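Colleague: Input sequences plus hints: build the corresponding full structure.
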Amino acid sequence: MQLRTFGVIGAALALLALASNAGAQANIKAAVADSSRPAADTARDAARKPAETLAFAKVRPGETVLEIAPGGGYFTRLLSKAVGPTGHVYSVAPAQMAKAVNAIAADPGYSNVTVVGIGPEAMAAVPKVDLVFTAQNYHDLQNPAAKLDVPALDKAWYAQLKPGGLFVIIDHVAKTGAPVPETASTLHRIDPAFVRKEVEAAGFKFDGEANFLRNPADTHELKVFDPSIRGHTDQFVFRFRKP
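Heads up: the sequence shown runs through residues 60 to 302, numbered per this note's numbering.
Treat the hints with care, as some may be off.
What the hints assert, rightly or not - List of simulated lysine-lysine pairs, BS3-like, C-alpha gap at most 27 Å:
{"hint": "1", "residue 1": "K158", "residue 2": "K206"}
{"hint": "2", "residue 1": "K108", "residue 2": "K88"}
{"hint": "3", "residue 1": "K187", "residue 2": "K214"}
{"hint": "4", "residue 1": "K187", "residue 2": "K117"}
{"hint": "5", "residue 1": "K117", "residue 2": "K221"}
{"hint": "6", "residue 1": "K187", "residue 2": "K256"}
{"hint": "7", "residue 1": "K158", "residue 2": "K108"}
{"hint": "8", "residue 1": "K88", "residue 2": "K117"}
{"hint": "9", "residue 1": "K206", "residue 2": "K88"}
As the list claims (entries may be wrong) - What follows is a list of derived Cβ distance ranges for each label pair:
{"hint": "10", "residue 1": "E280", "residue 2": "A183", "range": "38 to 48 Å"}
{"hint": "11", "residue 1": "E280", "residue 2": "K221", "range": "32 to 42 Å"}
{"hint": "12", "residue 1": "E180", "residue 2": "F284", "range": "31 to 41 Å"}
Think of the hints as simulated: they come from the structure by calculation, not from any bench.
Computed from a predicted structure; not experimentally measured.
Here a beta-carbon is modelled for each residue, glycine too, at the ideal position from N, C-alpha and C.
Modeller: Okay, here's the thing in structure tokens:
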């Protein structure tokens, strides 16, 4: 009887897990299919693979996300719809990115987006989050012109995460051993091994990588804005976890 009870409980838990996974996949499909997304964004979906990215980041309805350096807001809209009305996206936008993401936050369709600054005072108003996410901009933090202490920022984001929370980084691949500040500021690339070492030093545990944005034809020698490679650079996708 006891074994049968355990079997029933196990089956119920498995069904719950399947239902949860199906719900998560549904929220991602809905986010990608969002009719409010600009045509300029949807035109980039084939290259940026948003469904695969959000699935790898394990984005679920009701979660709280801290998005670092949102650029023009491509993933801001996707994350907003993926976490849904019971979730929230806090977008950490440097001055040069604030206009675009402020416009998104002002749109009633994305009312669960809040724009915050990059300093510790701004972070103090952000609750603990389930996911820290940044796409194609971790290298910009390393640019000497930004004057940022990136290891300290990694530690701050570690502290901002709930236990078990995830940190997902997507960026353009630089050659192994390429000097980070110079390569970040000129080619807008970064050595994946450097990123992993720096992030793990903040206390994160490496939780996996995905290859859906890799491009072996990229020589890693051209600036990412070069017309011959733009939109098709070799990119790494790393996931880290807070124990």
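Colleague: All hints are to be evaluated individually against the structure, with a verdict given for each.
Modeller: Hints versus structure:
Taken as a hint, the K158 and K206 pair is honoured in the structure, with Cα atoms around 21 Å apart against an allowance of 27 Å. Between K108 and K88, the direct Cα distance comes to roughly 12 Å. Compliance with the 27 Å bound is thereby established for this hinted pair. For the proposed pair K187 and K214, the alpha carbon gap of about 14 Å is at most 27 Å, so the pair holds. The hinted pair formed by K187 and K117 meets the criterion: a straight-line CA distance of about 17 Å does not exceed 27 Å.
For the suggested pair K117 and K221, the alpha carbons sit about 15 Å apart, so the restraint of at most 27 Å is met. Between the alpha carbons of K187 and K256 the distance comes to roughly 24 Å, so the proposed pair stays at or under 27 Å and holds. Annotation: proposed proximity of K158 to K108 holds, straight-line Cα distance about 25 Å (limit 27 Å). At roughly 13 Å between alpha-carbon atoms, K88 and K117 fall within 27 Å of each other, so this suggested pair holds.
A C-alpha spacing of about 38 Å is found between K206 and K88, which places the hinted pair above 27 Å, so the restraint is violated. Checked against the hint of 38 to 48 Å, the pair E280 and A183 passes, with Cβ atoms roughly 42 Å apart. One distance hint, 32 to 42 Å for the beta-carbon pair E280 and K221, holds here, with the actual separation near 40 Å. Taking 31 to 41 Å as the suggested C-beta distance range, the pair E180 and F284 conforms, at roughly 33 Å.
Against the hints set out earlier in the document, a violation occurs for number 9 only.
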